[in-house]
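A.B. asks: Chains as they are written, first to last, in my numbering: chain A, 1 to 109; chain B, 1 to 112.
Hints in this document: simulated from the structure, not taken from any laboratory. Just so you know, these numbers come straight off a predicted model, no measurement behind them. Mixed in with the good hints there might be a few duds.
[Stated by the list, open to error] Label pairs and their computed distance ranges (CB to CB):
no., chain 1, residue 1, chain 2, residue 2, range
1, B, N57, A, H69, 30 to 36 Å
2, B, N57, A, S50, 22 to 28 Å
3, B, R30, A, H108, 41 to 47 Å
[Claimed, not checked] Here are the computed lysine to aspartate or glutamate pairs in the EDC-like style, where the Cα-Cα straight-line distance is at most 16 Å:
no., chain 1, residue 1, chain 2, residue 2
4, A, K96, B, E3
5, B, K19, B, E99
6, B, K41, B, D85
7, B, K22, B, E67
8, A, K96, B, E99
9, A, K96, B, E44
10, B, K41, A, E5
11, B, K38, B, D85
12, A, K68, A, E3
13, B, K36, B, E3
14, B, K18, B, E3
15, B, K18, B, E67
Every residue, glycine too, gets a C-beta built ideally from N, C-alpha and C.
Listed below are the residues making up each chain.
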Amino acid sequence: KNEVEQSPQNLTAQEGEFITINCSYSVGISALHWLQQHPGGGIVSLFMLSSGKKKHGRLIATINIQEKHSSLHITASHPRDSAVYICAVSGTSYGKLTFGQGTILTVHP
Amino acid sequence: DTEVTQTPKHLVMGMTNKKSLKCEQHMGHRAMYWYKQKAKKPPELMFVYSYEKLSINESVPSRFSPECPNSSLLNLHLHALQPEDSALYLCASSHAVQETQYFGPGTRLLVL
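Using the sequences plus the hints, can you model the full thing?
C.D. replies: If you want it as structure tokens, here you go:
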């Protein structure tokens, strides 16, 4: 079993839909990260959180430390949101991120 | 300047070649990272530098040799690579370890 599990692995949506991507982890963490990777490679860090909830534009990330679970929500999805979304956790190994397998999101117009 | 730059964007090399990948940031970050990413897989950490000192080596083969000549620059020297080393090599930096990482666009490496 991977230390970081994401679901779903693939997600297809119509423009405007509300999207949720889930991440569960089994290790102690200092923080959880949500990353976005577009085709072509570049990775953008969306959120780093250790408790509660963060919002940036149409993106919302939440974390429940007791349940070892985080969600990334996208409101009013748009085709430009199509990308791979990766959950990663930073734990006790100084500077090391442990990555989930990623969720491939496709938003159709 | 809020970006991490990587050169070259693409690199094709033979198994006997020696080449280097370069990563640069001018954000004053003191932690820098090398990752390897195969197609349809998440990144795998290779090395972490903190204050120009190697702090993590994830059991990477010696044909990959990192170097951090100063706080803005990170190199990855490549020698006698294998075809299975073909991948996207990503550099990242952060203000300190355990903080938000900023990624470069990557170097796509093909070993023939």
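A.B. asks: For which of the previously enumerated hints does the structure constitute a violation, in increasing order of number?
C.D. replies: Structure breaks hints 4, 5, 13 and 14.
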